[in-house]
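A.B. asks: Just need the whole structure built from these sequences, with the hints factored in.
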Amino acid sequence: MTTAEAPAASAVLEQISATIQDAVAETDAPITLDAALGADLGIDSMSVVEILVQIEKRFGFQLADAEVTGITTVRDILDAVLRRQ
Amino acid sequence: MSHDMRSGTGGVTAVIAGIGAVTADRLVKNDELARRLDVTPDWIRVRTGIEQRYVLAPGEATSDLAVRAGRRALAAAGDPDVDFVILATCTPDHTFPSTAPSVATRLGLGTVTAFDLNAACSGFVYGLSAGTGLIASGAFRSGLVIGADAISTIVDHDDPVTAPIFGDGAGAVVLRAGSPDEPGGLLAQTTGSDGSLLDTLITPSGGSRQRAAGVAPDPVSSYLRMEGRLVFRHAVQRMAQAARDVVARTGWTVDDVDLLVAHQANERILTATAGEVGLPPEKAFSNVDRVANTSAASIPLALVDALESGVLRPGAKVVLAGFGGGATWGATTLVWPDIAVGTEPAA
Chain R
8 MTTAEAPAAS
18 AVLEQISATI
28 QDAVAETDAP
38 ITLDAALGAD
48 LGIDSMSVVE
58 ILVQIEKRFG
68 FQLADAEVTG
78 ITTVRDILDA
88 VLRRQ
Chain H
-14 MSHDMRSGTG
-4 GVTAVIAGIG
6 AVTADRLVKN
16 DELARRLDVT
26 PDWIRVRTGI
36 EQRYVLAPGE
46 ATSDLAVRAG
56 RRALAAAGDP
66 DVDFVILATC
76 TPDHTFPSTA
86 PSVATRLGLG
96 TVTAFDLNAA
106 CSGFVYGLSA
116 GTGLIASGAF
126 RSGLVIGADA
136 ISTIVDHDDP
146 VTAPIFGDGA
156 GAVVLRAGSP
166 DEPGGLLAQT
176 TGSDGSLLDT
186 LITPSGGSRQ
196 RAAGVAPDPV
206 SSYLRMEGRL
216 VFRHAVQRMA
226 QAARDVVART
236 GWTVDDVDLL
246 VAHQANERIL
256 TATAGEVGLP
266 PEKAFSNVDR
276 VANTSAASIP
286 LALVDALESG
296 VLRPGAKVVL
306 AGFGGGATWG
316 ATTLVWPDIA
326 VGTEPAA
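Chain order of the listed sequences is R and H.
With the numbering used here applied, the first sequence corresponds to residues 8 to 92, in that order.
With the numbering used here applied, the second sequence corresponds to residues -14 to 332, in that order.
If you're looking for bench data, these hints aren't it; they were derived computationally from the structure.
The beta carbon of each residue, even a glycine, is placed where N, CA and C say it ideally should be.
Certain hints may be false.
[Stated by the list, open to error] On the chain R side, residues computed to face chain H include the following (Cβ under 8 angstroms):
#1 Ile50
#2 Ser52
#3 Met53
#4 Val55
#5 Val56
#6 Asp72
#7 Glu74
#8 Thr79
C.D. replies: Pasting the structure below:
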């Protein structure tokens, strides 16, 4: 990631974190870039999809099926969004 | 591209003349399952909304459920003659031959046209669509459409992801030729498929691909395998899209819909689907807590539960929507008719 992209990325990350927090209010674990959605944040597979659908709506794009199955960390979601920007 | 069918006003369509459904007899509650799976009963309930399910007893088969549901639907319709039996199932008694002929014979229906239809959990809406087509063609006047599955026979009972989700059951309706203007007439219908999703819901072994390989199958490959994320995503998208499509082609608005009876996959799919259609959750009927996901039986089982609990009444504008392995999906609209729920004669 270049320095020029960093502010945009941090704004995106903020929105992703907010989306995750909305979906799983009960999570106590910090939502860090490398937090695993399942193992660290305790998010089950259907909640992951619910989060990804919210991300799609928020940023106005559709994830490919391979992305939906491949995303395991917060960073994976961030990368998927940044690829579209 | 999906196939859309619409019964024109004044034309011939299939009309629902009777309904009946059964669950398997053996009740399995979450606490029994949780002990085996080393999870808590709440873990199952929170993830799926399912509290219990019914499963076949050893020695029983899908056809036993299908016969019971068929008998109930026929009784509700006044035991009419029927010209065909469509058995929607993905768990037939045997891979060969089909199960529908033996079901027809055991129901005393003689030598009627009888065939299986495998659209997995979409089987019932596919069966309604196929039955409507047979009747609208003029070649058949009436028929019995049964959705019956015993997914417990293909599920890995030690897998915490899939084992809690499924139950066994059957549901059936009698269709007769009639008018789309009368209650019970099947109105707009759509069916579709996407084979690129083959691997998202599959039992790899048992068919020609495995058998022709000439090697004994890995035991695990004879169990149902599910890519949960993709199933959830596509089930919601496809059922919602199909439901909106048939509502619009019926000439209704979403606000006109009294009840959405979608495939009872799990509570969260039902809630998400209702949201995508634009319906409040209370208009999406659910009995998944009591019977779990019964595959092709889920919609008629839900209809019977909705009738018996007073949620579904004659005159209600109803949308049925299904999604299942294949992938397959479909939906239909109808105005609920004033018909009985069938019971079986006392043994």
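A.B. asks: Hint by hint, say whether it matches the structure.
C.D. replies: How the hints compare with the structure:
Among the interface hints, the one on R:Ile50 is violated; its C-beta lies about 11 angstroms from the nearest C-beta in chain H, farther than the 8 angstroms criterion. Nearest Cβ of chain H to the Cβ of R:Ser52: about 4 angstroms, under the 8 angstroms cut. The hint holds. Annotation: R:Met53 was flagged as interfacial toward chain H, and the flag holds, the nearest CB pair being 5 angstroms apart, inside 8 angstroms. The interface hint given for R:Val55 is met, as the beta carbon of that residue sits about 6 angstroms from the closest beta carbon of chain H, less than 8 angstroms.
The closest approach between the C-beta of R:Val56 and any C-beta of chain H is roughly 5 angstroms, which is under the 8 angstroms cut-off, so the hint is satisfied. Interface restraint check for R:Asp72: the shortest CB-CB distance to chain H comes to about 6 angstroms, inside 8 angstroms, so the restraint holds. Annotation: R:Glu74 was flagged as interfacial toward chain H, and the flag is violated, the nearest CB pair being 10 angstroms apart, outside 8 angstroms. Because the smallest distance between the Cβ of R:Thr79 and any Cβ of chain H comes to about 11 angstroms, over 8 angstroms, the interface hint for this residue is violated.
Violated hints, in rising order: 1, 7 and 8; the structure is consistent with all others.
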